[in-house]
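Enquirer: Protein sequences, first through last, are from chains A and B.
If you read the first sequence in our numbering, its first letter stands for residue 21, the second for the next number, and so on.
If you read the second sequence in our numbering, its first letter stands for residue 21, the second for the next number, and so on.
Be careful, since some hints might not be right.
Note that identical chains are pooled: a pair holds if it fits in a single copy or bridges any two copies.
To be verified - Computed list of lysine to aspartate or glutamate pairs in DMTMM-like fashion (alpha-carbon distance at most 25 Å, straight line): (1) K66 to D305; (2) K105 to D88; (3) K152 to D244; (4) K69 to D305.
The set of hints was computed from the structure by calculation and includes no laboratory data.
So the chains spell out like this:
2 protein chains.
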Amino acid sequence: MKTPFISRLAIIGVGLIGGSLALALKRAGAVGEVVGCGRNAADLEKGVKLGVIDRCSTDPIQAVRDADVIVLATPIGAMGATLEKIRDHLAPQAVITDAGSAKVSVIAGARAALGARFADFVPGHPIAGTEKSGIEAGFPDLYVHHRVILCPQPETRMSALSKVQRMWELVGAQVEQMEAARHDAILARTSHLPHLVAYALADVLAATRPQSEVLRFAAGGFRDLTRVASSPPVMWRDIALANREALLPALDEYLAALNAIRTAVAARDAVALEAIFARAKALRDALPPRQ
Amino acid sequence: MKTPFISRLAIIGVGLIGGSLALALKRAGAVGEVVGCGRNAADLEKGVKLGVIDRCSTDPIQAVRDADVIVLATPIGAMGATLEKIRDHLAPQAVITDAGSAKVSVIAGARAALGARFADFVPGHPIAGTEKSGIEAGFPDLYVHHRVILCPQPETRMSALSKVQRMWELVGAQVEQMEAARHDAILARTSHLPHLVAYALADVLAATRPQSEVLRFAAGGFRDLTRVASSPPVMWRDIALANREALLPALDEYLAALNAIRTAVAARDAVALEAIFARAKALRDALPPRQ
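Only chain A is shown next, with the shape it has when bound in the complex (with noise of 0.2 Å):
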């Protein structure tokens, strides 16, 4: 049998983004074997009982041993401490990337807690990912034709770089390298931004009586623009705190446009209102279709 591309593959964080980059791999023929790390002892071993992983530790330091490649699929917030654990029993061929979606402040957390070991660390995000989460919403189709942005640092080391490129790309993604604080704030208006969104239109509802009319009339709009409000609320309280720089920017962006609107109602005044929706229509209409 010929060498897969991974020969041990550790998992911190068995969801949805590690789940589906577990199965892709496996079905790839790129790895030997994954191993699943988390906290919940019983999700582990579902995920062992479902084929996703072959073995799991609750224990990241167990989990490392002899990986060559690890990924950190955690929410943001328990990455820093992660690193830290596992730095002094990662084996020397060993690269460590993440699946964070905020990068400027992993990279900070990572440069810290991982001392020289830096060297091997890929700063990457996938751009996929549902409102489902869990080690049973994964897939091995997620990440084809999505972006996986990585974010090499000085001191990263080319063959860590190539390493994680490789293995996005034998999953079917594109992968591309982008400065940090570049990927944060562009991330910050088209993904972390919306979700914000989304969670306060929800809260709205959710503090409107009677509940039962409100649920009763909420239509298709109202149910397309929700939907991402059914994400993991951890993950996104994680999201949101790690690109707090550049997401409190895009927020007051959005909320002088939303006040645009309002004073635009208020004053009834119905030419503003219509170049206001006319060019957001022309921006919405503009969207490559959806691959």
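Since chain A is already given, all that's left is putting chain B on it; use the hints.
Expert: For chain B alone, coordinates are given in the frame of chain A:
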């Protein structure tokens, strides 16, 4: 041949809503002749060619001649003037209804415009639609299993109410009656506010540079959240202004909810943020499945 339920139907404003109603009534064998009326003669000719309407006129006075049912499906801002124009040209048996998304202001306008014939006006709102518009977007299943709200007034003739109710039932809709102000308050939150939220979000991205990068990274969440921003600007300008009284408080609730999220992000208040997200998720998860 049996006399159809409606001998001559006049639809003023033949877009998605009016066109779909015509197609559905024809399929149900419930209408003899459909006369379409609009400002754009070419669009009307297209409607005749597509078989959505049988005849057309750009003159509402011509269009309503001898019609027993008249449906106003224009943008709300045009309704008052249209009603005033047709008032003295209505057949004695004519029943008039509308499809406007705001009811209190439409009712006030109709009462002022129609004089004694206001007794034959049944304020209505089919809760259906897509972000598509225009006569070619119509399809006969649009109203199946959708709700239509009617807001009869003290002056409304029971026979007019029955006629309009039966018309909507014949195309598969579930009709219910509601007080106009209550309709406006609920729809402000479940439909109108979500549209403004989506327009504002698309508008933030319209102002972000480089534009190409924004479009490239607009993920699934952003697409869903801004889908309704493709809706016709004039139509939504009119709805926002017509439902101004109910919409401004809803907008203020939303701005307060989003400001609470902003405050929590700014203060790095993880507990508050998670609580808001969890509350919003619970509301979203409680929505009944899409019909």
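Enquirer: With identical chains treated as interchangeable, where does the CA-CA distance between K105 and D88 reach 25 Å or less: within a copy, between copies, both, or neither?
Expert: Cα proximity of K105 and D88: one copy only (17 Å, versus 79 Å across).
Enquirer: Tell me, please, which holds for K152 and D244 at an alpha-carbon limit of 25 Å: within, between, both or neither?
Expert: Both ways: K152 and D244 sit 15 Å apart in one copy and 15 Å across, limit 25 Å.
Enquirer: Within, between, both or neither: how does the pair K66, D305 come out at a Cα-Cα threshold of 25 Å?
Expert: Between copies, since 24 Å is at most 25 Å while 43 Å is not.
Enquirer: For the identical chains here, do K69 and D305 meet the 25 Å Cα criterion within one copy, between copies, both, or neither?
Expert: neither (44 Å within a copy, 28 Å between copies)
In this structure, the one hint that does not hold is number 4.
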